[in-house]
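Chemist: With the sequences and hints as input, model every part of the structure.
There are 2 protein chains.
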Amino acid sequence: MKCRVCGKTAVIKLKSHNTAFCVEHFVEFFERRVERAIRRFKMFGRGSNILVGVSGGKDSLSAWLALKRLGYDVTGVFINLGIVPNSDLAQRLVESFASENKLKLAVLDVKDYLGATIPEARNFTRKPTCSVCGMVRRYILNKFALENGFNVLVTGHNLDDEAATLFGNIMDWNPQYLARQYPVLPEQDGFVRKVKPLVLCSEYETLAYAVVMRIGFDRSRCPFSKGASSQFYKHILNLIEHDMPGTKQRFVTGFYEKISPIISGQAKKPEFKKCKICGYPTTAGDVCAFCRLKELIRKG
Amino acid sequence: MKCRVCGKTAVIKLKSHNTAFCVEHFVEFFERRVERAIRRFKMFGRGSNILVGVSGGKDSLSAWLALKRLGYDVTGVFINLGIVPNSDLAQRLVESFASENKLKLAVLDVKDYLGATIPEARNFTRKPTCSVCGMVRRYILNKFALENGFNVLVTGHNLDDEAATLFGNIMDWNPQYLARQYPVLPEQDGFVRKVKPLVLCSEYETLAYAVVMRIGFDRSRCPFSKGASSQFYKHILNLIEHDMPGTKQRFVTGFYEKISPIISGQAKKPEFKKCKICGYPTTAGDVCAFCRLKELIRKG
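In the order they appear, the protein sequences are chains A and B. Note that my numbering numbers the first sequence so that position 172 is 875, with each residue one more than the last. Note that my numbering numbers the second sequence so that position 106 is 809, with each residue one more than the last.
Any given hint could be a false lead.
Each pair may be met inside one copy or between any two copies, as identical chains are not told apart.
[Said to hold, decoys possible] The calculated DSS-like cross-link candidates involving lysine-lysine, where the alpha carbons are at most 27 Å apart (straight line), are:
1. 814 with 830
2. 830 with 718
3. 807 with 771
4. 961 with 972
5. 718 with 961
6. 961 with 937
7. 961 with 745
8. 937 with 718
9. 972 with 830
Hints listed in this document are in silico derivations from the structure and should not be mistaken for laboratory results. Small disclaimer: the values here were computed from a predicted structure and weren't measured.
Modeler: Right under this line is the structure:
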């Protein structure tokens, strides 16, 4: 097996692209895929002030490093969620990674925003932990980005994440969810622009990039994530990919190109009000979900 | 496990409906599902002159019998495809079934239409056998229905068939294929109305109906169908159904209700010409695919 570019011994074989690379040319391939996603979906430009939400996992750290190496102005933001011992370990890994790579980093504490850690906040709601934690993180990242002058918020979602979400969304075909499934969510009143530059990179490719770039990423799994349906959909999609390499990519980009324009033009747009407490947009009544949870925590 | 209706011992458990039935009430349940599909998708009425394409398999024979029992005016049509020994066996089963149940039946021979059997015709084309055979059967059924005064052509596609086709279509999101995926294709110049009344009945339910109704159906598999991707998609969908009962049904009906109206309004309609030889519609140039194959066979 030889590298497609230089003919030296290949270290990584990509069945979905029917090709193979040495370390050097795999890195080049991966970063070009990131650049291609940025241009194809018009995510941001050279002058953008980019915030990257980093968890310490392979995806967000790879996105952060690849963007830096591609010459973009990136700052990382890490939220310590108070999950013991995962969050502190992740914070240390992110801090070392930032200092090794001379990357700008902001570290936030969920308690400063919400008044409680995620494990504490769980007791104040009946919703699944992953959905509460996702809501809290999205709120904090959006608020931090807007209040600190960033044009765009990057998340590390890769092709497999997108494929699994799309798969879940088509199992019951909710047009409003489908309309929001796109690698760019444009800025609007109270929302920073959100983009996913790893959307053309599979989980396997992202892992390989993190490994060959010697990124010291957090390999632990969140103790609350067991049995998440996204894991099941990823498994199903991997079965299909195994039989028909390239399907995942066609599935996701085919949707973006051929169906998303049709559906997003037709689906009802959600109506946003301003939250009476924080002023950020909400569809859930007078008070947004974050402030409602915060109030419950304050009282209880 | 007890029958939901009468409380007697149940013989069939339906996880996707979270229920169970005795033989008598399962038959009632199944036939009501067929009736519900007919009404929900406005397939046909009591006065319609209905042609049922029957292969001898469980699906088409179940559809034929259920429609008869529901009081519709149905005639079966069987095409002998010349696959040895499968086609002759299937023909005998269909003929006995028709005479046992006092059903009207027309038996056609593919050679009378095409000039060759399917195994012979295979040698005149590079296309996959299943796709050639499908084209030939659709052509003959449509022509026979129109030339014999039928309003509507029924096929035995069940929920699993529809789910597998939809699954295949969303793996590359072809809007034109998606626009045609609906349990009713209305009549238009040169095309009879086509409907799928088993669309709400799973493969398992249809098999159970065929068994309890003692339908002597053809259990052999076509020798040319090995490795068909629809089988792979059915397997994948069954894995999902096993973990999340009811998903298949939500997947198919959700698409029909929420997405199909959006896509079919937006997708380009295919443009039909009249075939210069037979006068039936074609999108494939001056001569339709059937007549082109027939010409090749005549010359070769």
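Chemist: Look at each hint and say if it fits the structure.
Modeler: Comparing the hints with the structure gives:
no. : hint         : in the structure
1   : 814 with 830 : within (19 Å within a copy, 64 Å between copies)
2   : 830 with 718 : between (39 Å within a copy, 26 Å between copies)
3   : 807 with 771 : within (10 Å within a copy, 74 Å between copies)
4   : 961 with 972 : both (20 Å within a copy, 15 Å between copies)
5   : 718 with 961 : within (25 Å within a copy, 35 Å between copies)
6   : 961 with 937 : both (22 Å within a copy, 25 Å between copies)
7   : 961 with 745 : within (17 Å within a copy, 29 Å between copies)
8   : 937 with 718 : both (17 Å within a copy, 24 Å between copies)
9   : 972 with 830 : within (24 Å within a copy, 45 Å between copies)
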